Structure formats: C-alpha cells, structure tokens
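K.L.:
Quick note, the sequences are listed as chains F and X, same order.
So for the first sequence, this note's numbering puts the first residue at 1; every next one is plus one.
So for the second sequence, this note's numbering puts the first residue at 1; every next one is plus one.
In case anyone wonders, no lab produced these hints; they're calculated from the structure.
Model, not experiment: these values are computed from the prediction.
Ideal Cβ positions, reconstructed from N, Cα and C, are used throughout, including at glycine.
Among the clues, some could well be false.
Unchecked claim - Some but not every residue of chain X turned toward chain F, in silico, with C-beta under 8 Å:
| hint | residue |
| --- | --- |
| 1 | L28 |
| 2 | E39 |
| 3 | K42 |
| 4 | I52 |
| 5 | L66 |
| 6 | V69 |
| 7 | Y70 |
What the hints assert, rightly or not - Estimated spans, in silico, between C-beta atoms of each pair:
| hint | chain 1 | residue 1 | chain 2 | residue 2 | range |
| --- | --- | --- | --- | --- | --- |
| 8 | X | K68 | F | G22 | 15 to 23 Å |
| 9 | X | E83 | F | D19 | 21 to 29 Å |
| 10 | X | R71 | F | D48 | 17 to 25 Å |
| 11 | F | A46 | X | V69 | 16 to 24 Å |
Unchecked claim - Using 27 Å as the maximum straight-line C-alpha spacing, the simulated DSSO-like pairs for lysine-lysine come out as follows:
| hint | chain 1 | residue 1 | chain 2 | residue 2 |
| --- | --- | --- | --- | --- |
| 12 | X | K74 | F | K42 |
| 13 | X | K18 | F | K57 |
| 14 | X | K91 | X | K74 |
| 15 | X | K64 | F | K18 |
| 16 | F | K42 | X | K57 |
| 17 | F | K64 | X | K37 |
| 18 | X | K50 | F | K43 |
| 19 | X | K68 | F | K18 |
| 20 | F | K37 | X | K50 |
| 21 | F | K64 | X | K18 |
| 22 | F | K37 | X | K64 |
| 23 | X | K42 | F | K37 |
| 24 | X | K18 | F | K50 |
| 25 | F | K50 | F | K68 |
| 26 | X | K37 | F | K57 |
| 27 | X | K57 | X | K74 |
2 protein chains.
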Amino acid sequence: MATANARANTANDMTETKDVGGVSGQRLRAYLDRIEKLEEEKKALADDIKDIYAEAKGVGFDAKTLRKVYRLRKMNTDKRREEEELLELYKAAVGLD
Amino acid sequence: MATANARANTANDMTETKDVGGVSGQRLRAYLDRIEKLEEEKKALADDIKDIYAEAKGVGFDAKTLRKVYRLRKMNTDKRREEEELLELYKAAVGLD
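One chain only, chain F, in its complex shape:
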C-alpha cells in the first residue's frame, strides 16, 4: 500500500538487531514491524477518507458540516438530542440565536 510516508526504509529494514540488557532485538523488531504494517494500513484508510471528503466537497458539500453530521449521525439519538438541547440553552443564555 503506497503511503506518502517518506521515512528511510533502509534504516529499519537493514539494521541488524541485537540483544541488549535482556531485551531481544529480534522480538522487539517483530512487534515494531507488525505495528508498522497496521499503522500504514490505517494511514491509507485515513487518506481514503480524506479523498471522500474532497470528492463530496467537489460536488458542493461543505466538508466541515459533513464532518459534523457524520459525528452526530454516529451518536445515540438521546445523547445527541441532549447535547443539542444543552448547546441551545447555553447559546440562548449568552444571547446567540
């Protein structure tokens, strides 16, 4: 999966591991490699998500509002209404209408 990440692969992939102070370099590196692989996939998904927002923006949707409505849609309805009502209350209290 291609990412925009410009880190020098060679530094990680070629360096030999050592066992230092009771720490197995090989095991440590195996964990780091597994984490890295998944982080790269996560980054690729984040990029895909960004692309969707860009695409939506391209056809006229406001990306910021889209992000807000995405978050609101994910919320439990009761929780959302509670938050919205509280916000309205606070807005009214400081004269925002």
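Following the hints, put chain X in place on chain F, whose structure we already have.
P.N.:
Then chain X, alone, in the frame of chain F:
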C-alpha cells in the same frame, strides 16, 4: 468487522432521506456511509494495534517505551539525531543527567 462501537444502527440505516434546501439526502447519506465504512475499518486496525502493544506488554516489553521507539524508528535518522541532541542539550542546561 466487529467494533466496540455501540451506536444504534437502526437510526442511520432505516431513516429515510429527504432533499432539503437543495441538498440531496440520498447523496449525502451515500458519502456518510462510505466514510463510516472506512472509519470502522480504521477503528478495527487501531484495535489490532492496541492488541499488539498488549501482547508485547504481556511478554515483558514496556508499552510506553515501545511507542516511543516505534516513533523514533519511523523518523529519518538525521532528524532523529538532531532531536535527540537538542533534547540532551536542553536536559544538560537544566541539570538533568
């Protein structure tokens, strides 16, 4: 993909869309659904990553240090050395050794 996300699916999946004020509810929902799908995959990966840290911790690695070394390993070597040297300098300046 199973996530820990407890949102009420029914609220999103059953609600009919409307076209309001020139906004196509159907198109809007299509974007939201695509974003949601990818966000769920991203969440699943984040959980997998968390599991790896937990596994490493289980065999004696310190998770916090593992996160630090993960980040350091991803960095360009020159950049990393520069940051490390600057940190050493600042530490020395305030008497941390």
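K.L.:
All the hints need checking, so say for each whether the structure fits it.
P.N.:
For each hint, the structure was consulted:
A least Cβ separation of about 7 Å between L28 of chain X and chain F falls short of the 8 Å threshold, and the interface hint therefore holds. The interface hint given for E39 of chain X is met, as the beta carbon of that residue sits about 7 Å from the closest beta carbon of chain F, less than 8 Å. With 8 Å as the threshold, the beta carbon of K42 of chain X comes within range of chain F, its nearest partner Cβ sitting at about 4 Å, so the hint holds. Interface restraint check for I52 of chain X: the shortest CB-CB distance to chain F comes to about 5 Å, inside 8 Å, so the restraint holds.
Restraint check, L66 of chain X versus chain F: the minimum CB separation of about 7 Å is within 8 Å; hint holds. For V69 of chain X, the suggested interface contact is upheld, since its CB lies about 7 Å from the closest CB of chain F, less than 8 Å. Using the Cβ-Cβ criterion of 8 Å, the hint placing Y70 of chain X at the interface with chain F is satisfied: the shortest such distance is roughly 6 Å. Our hint of 15 to 23 Å for K68 of chain X and G22 of chain F holds, since their Cβ atoms are close to 18 Å apart.
Our hint of 21 to 29 Å for E83 of chain X and D19 of chain F holds, since their Cβ atoms are close to 26 Å apart. A hinted range of 17 to 25 Å holds for the C-beta pair R71 of chain X and D48 of chain F, which are about 23 Å apart. Between A46 of chain F and V69 of chain X the CB atoms are about 23 Å apart, so this pair conforms to the stated range of 16 to 24 Å. Taken as a hint, the K74 of chain X and K42 of chain F pair is honoured in the structure, with Cα atoms around 15 Å apart against an allowance of 27 Å.
Among the hinted pairs, K18 of chain X with K57 of chain F is consistent with the structure: their alpha-carbon atoms are about 19 Å apart, no more than 27 Å. The hinted pair formed by K91 of chain X and K74 of chain X meets the criterion: a straight-line CA distance of about 23 Å does not exceed 27 Å. A threshold of 27 Å between alpha carbons decides the hint, and for K64 of chain X with K18 of chain F the separation of about 20 Å falls inside it, so the pair holds. Using a Cα cut-off of 27 Å, the hinted pair K42 of chain F and K57 of chain X holds, with the two alpha carbons roughly 22 Å apart.
At roughly 19 Å between alpha-carbon atoms, K64 of chain F and K37 of chain X fall within 27 Å of each other, so this suggested pair holds. A threshold of 27 Å between alpha carbons decides the hint, and for K50 of chain X with K43 of chain F the separation of about 15 Å falls inside it, so the pair holds. Of the pairs offered as hints, the one joining K68 of chain X and K18 of chain F holds, with about 18 Å between alpha carbons and a cut-off of 27 Å not exceeded. For the proposed pair K37 of chain F and K50 of chain X, the alpha carbon gap of about 13 Å is at most 27 Å, so the pair holds.
At roughly 20 Å between alpha-carbon atoms, K64 of chain F and K18 of chain X fall within 27 Å of each other, so this suggested pair holds. For a cut-off of 27 Å, the pair hint linking K37 of chain F to K64 of chain X stands: about 19 Å separates their Cα positions. Distance check on the hinted pair: K42 of chain X and K37 of chain F sit about 13 Å apart at the alpha-carbon level, within 27 Å; holds. A C-alpha spacing of about 25 Å is found between K18 of chain X and K50 of chain F, which places the hinted pair at or below 27 Å, so the restraint holds.
Our distance criterion of 27 Å between C-alpha atoms is met by K50 of chain F and K68 of chain F, whose separation comes to about 14 Å. Restraint check for K37 of chain X and K57 of chain F: the C-alpha separation of about 19 Å stays at or below 27 Å, so the hint holds. Under the criterion of a C-alpha separation no larger than 27 Å, the hint pairing K57 of chain X with K74 of chain X is consistent with the structure, at around 21 Å.
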